[in-house]
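Protein chains in written order, with the numbering used here: chain R, 3 to 323; chain U, 71 to 418; chain B, 1095 to 1596.
Treat the hints with care, as some may be off.
[To be verified] Pairwise CB distance ranges (calculated): (1) Asp-164(R) <-> Leu-1461(B): 29 to 35 angstroms; (2) Glu-1186(B) <-> Val-312(R): 58 to 64 angstroms; (3) Phe-1464(B) <-> Glu-47(R): 34 to 40 angstroms; (4) Ile-121(R) <-> Ser-1540(B): 40 to 46 angstroms.
[As the list claims (entries may be wrong)] With a straight-line Cα cutoff of 27 angstroms, these simulated DSS-like cross-link-like pairs (lysine-lysine) come out: (5) Lys-149(U) <-> Lys-126(U); (6) Lys-149(U) <-> Lys-403(U); (7) Lys-1483(B) <-> Lys-1433(B); (8) Lys-214(R) <-> Lys-1433(B); (9) Lys-1483(B) <-> Lys-1473(B); (10) Lys-214(R) <-> Lys-1418(B).
[Unchecked claim] Stretches of chain U that chain R covers, calculated by requiring three or more beta carbons in the stretch to come under 8 angstroms of a beta carbon on chain R: (11) 159–167; (12) 186–198.
Bear in mind the hints are in silico, worked out from the structure with no lab data behind them.
Quantities reported herein were computed from a predicted structural model and do not represent experimental measurements.
Note that beta-carbon positions come from the ideal geometry of N, C-alpha and C, so glycine has one too.
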Amino acid sequence: MAQETARTHGLAQWVRDLLPYAGLVLLIVYFSFASDFFFNLRNFERLATDSATLILVALGMTLVILVAEIDLSVGAVVALLSVVVAQAMAAGIPWHLSVLLILCLSVLIGAFNGVITVIGQIPSFIVTLGTMAIATGAAFVFTGSISVPIADDTFLDLFYSDTVWGIPVPLLIVIIAFAGSLLQLQRTAFGRELFAIGTNIEAARLSGVAVKRNKIAVFAIMGFLVGWASVLSASRLGSGAPGSSPALTLDAIAAVIIGGASLFGGKASILRALLGALLIAVLNNGMVLLNINVDSQYIVKGLIILLAVVLERIAAREVAR
Amino acid sequence: MIDARKTGVTTRLGLTAVAVLLSAIIASTSLVTAQDACLGTAEALHLTDAQKADLKSRNLRFGFLTNNISDDFSRTLVKGGEDYAAEVGVELIVNSADFDANTQLSQFDALVQQQVDGIFLTAVDAGSIGQAVRRANTADIPVFIVGGAPARGDVISVMNASSYQGSYDAGIALMDKIGTSNAKIAVLGIPFALQTIRDREKGILDAIGARGGQLISMQSDFSQDTLLQLATNVIQANEDLAGIFATWSLAVNAATEAVKQSGRDIPIAGYDSEAPGYAELASGSTPIVALSGQQAAVQGRAAIEGLAQAIFGATLCEEIITPNLLVTADNHKDMWPVQYPGTPAPWE
Amino acid sequence: MTESLELHAVSKRFPGVLALDGVSLRVLPGEVHAVMGENGAGKSTLMKIAAGIHTPDSGSIVLDGQSLTFRGPHDAALAGISTVFQELTVLENRDVAHNVMVGREPVRMGGLLVDRKSLYRQAQAVLDRLGIDLSAETPVASLSAGERQMIEIARACAVNPKVLILDEPTSSLGREEELVLFALIDRLRGQGTSIIYITHRMSEVFQLADRITVLRDGRRVATGPTGDFSKDSLIKAMVGRDVPERRHGVTVDNLPIALEAADLGRRGHVKNATFTLHAGEVLGVAGLMGAGRTELARLLAGIDRPDHGHMRLFGEEFAPSGVKDAAARGVAYVSEDRKQLGLLLSLTVADNIALPALRRFSGLAGLLSFTKLRAFARKWMEELSVKAKTPDTVVNTLSGGNQQKVVLAKWLSTEPRVLLLDEPTRGVDVGAKAEIHQRIRNLADSGVAVLAISSELPEILAISDRVLVMAQGRIAGIVNAEDATEESLLELAFSEMGADAA
């Protein structure tokens, strides 16, 4: 029961299980040979800090996808909240209170998504599409389409370049979030109930699992992680930028899928989602270092997602046989 | 970078007499003095033959980042830069961010990581590139930016097309064509966090004001499809619409298409004169009155020259303005080779 | 007579299991050949080999004297072997004709368009030939489970198969629908079609089959004309031992009342249900499909909310806000639909058993103790003799009987005071069935109030102390099991509205 997924031993399943590990290793080896600037500590440190936003969102997305929901609003909400935190500081609110403010706000936005989805019985796909549009619009309206610079050096340094025990703060936040998510999913009643909900929501409900409450909690947790992602993003960009994260949602979903999750729910893994996110981060970093055009990067990412999804289907068929 | 250079030079001047002497020699040999003259136009950045030879011998690598690569402006800009870089033996690393500030930040950081000798960029969001510019400053890599100064960090200069003036001139041409006072004008734009966009909007608003017109609607989007819908709706909703001003290339295309579909006689002016706009003007029957065109090729060359000048120790002015062209049905044949040198015209 | 289908010495090994061990099966033209055996005996594997879904490791398939190799179900169908599987696969949003002719739609204009006219004509011809009283234009959504089963069979028969395989065709049917199905099978037999009939239900076998083959643990243990078998000998062949069947019937008057329902109702399903359930009794609930039995249980379990009426649990007001609430007060409901509603098939036995009680295992900082959790699961696995290697075994690898035991273990582990069982032995083999019956009895003896819904009257009579019969949403009567017979219960089940026997 420590296993996160049902054990099945088809070839496709085996390849699929291996994909995030092998893919990551292959990419690292490839980029190390292809670029003179990839395999060095400074680049890895930057890779770690730069991918922090994506990893946090992917961790939250893992829970959401586990219960067979989806959150399309994360990229837009990160942009909006980075604007809000920048404006809060511009208005003279101290940085720690500003951070607290957007964390509260992000949990509220997440819970809002959850409540509308669960109570209104509307597919989260639609709900978060709405939230996404609202957040994007709000970010542009609040700023008049011009990004809001952040002047507070404490904030800028703390969440980007400062280190604690030699570990960059963004990396530290990721480590804490990862450990927390892993424990939560694997070792708490809440986490095990999420697997039950994702596997068979009716059976879970008839077993006395508080399906609605758990789902709302999942969206709220997603919100909390999105809040931290916004802080890191704002610090990295040095501003609240209304159009800053268009690729974040896709990348986060891709990370979770590459990490072996099923969009039909019941199957997801925190560790693999982390590997999936790292794979995408390495891909982004390496391709930029090779000066590969951003549009070509989309194609490569798309192919990897398709590979993961096709393997998933073949593996599912192996099980059914 | 401007400020840092100035203070840096001042400090050095104050140190020893030898330093004073050295600076004087450097200044006199490069015919530029740090204190009293900065390079402020694209022409002023031009390199001498001796400087070109010097540049060639240095085997430099520059990064050249654009916010996107899907419009004629960006393509011409890149071509201008590449052509000139090839001429002076500079290796150019070109990349586009596809309008994603995060991507551009990664690309910028990657250039710093590769220790290029200079970075030129059209920022997706000048406000969000500052952190990276600071890292370039730390690594002693000169940065030359188009559009607006970054929120943090130092650049050698900000290059701008005359967004305000170009927009204003095209706007006046539109108002004069309409001829009546209190003319109702709609503006079609782009929701993009760039100073140049704001300047273009200000230019047309001032032109409308100067001729006693009235702004009745301001719509914006990134895609031509949506812009076409917006324009169609605005035309339908306003029977007395006298003219449309489009603040960027795809809006020009969308407005033209919408007016043609409506069958009404509504003149259009706009910012950006790209191939479709030229083709329209060449067609002989078009609602387009005038388009203000940025000289992208000039800017592309100036990008390389500006970075080279900075490496040679020259000081660039805080802002370098490249003048726009006002393209009309009458002059479009002459303007094309100026704006897009070496590119066959759409009517050829 | 030459046999139309012969499976000769077929073996099939799956990872860890020898599913079939040299099994031979000969089916004669125009006979109904019943294949029986406990779950896991190899029936399904054998049928899947005949249907071309599995390829045998050794052995051969001979049809009309010709040896065949199937690369897939399509090959088998072309050769003349059609299969109707247990799970219904009708297309919900199409009409009967599209369902019958699916994959064989007549086309015109070189395959560009479906020829709708001949589609309906051909579909209707199939229905008429089989004597199915349905119009080809009826939308499937309006059909009952039984009628849908007919559609499945019509689809399989649209190609005039030589051999038709039916895998537990009655598992989702009510009694009346069964009779229609049997008539259909008779007609097919008359037309010379060979029918392989897989079922758990003893009564059906004696009513329908010409010959019987019994499988146990992947081997064939008996084959012969139906007349050579008795019910007891058949059971003995299947389980390899004698299984006793007893009647019960305690007087409930002295037992404390556990659950009381008064005038309970939910629009369209349950009308004015008033009854008592005593601690220590098994109250059987009989009735036809759609009589409101499951719906009544769902009201008691807190899954649905009643429109009117009220309940008392051990004397206290009982109006559960949901399953969680009801479970917390000791009322547990075991669903009729094991796969859809009862189990998390892709999760482990422990995950399933511990689910309702999960939060009890949260220790320091809300972290679960897996040691305790596994021990707990193992205890309940042993208690119900669930045959699985470890608590970490994934549930969908277990046989139907063991899966049902997992569902029971899940709810028994919450130590309920009131246990609502909905079809507790559906799709379960004879051996496991007897175990489950015994378990139900023991529970009642230990003081649990058990309400058991079943469509099999012999089962109702075997396990119940009293029997509550529902008809058209009403309680048609409550009788002592000792005094009841299948006939008397059926009479109540068929009683018309207005004849309010409650």
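What are the numbers of the hints the structure violates, in ascending order? 2
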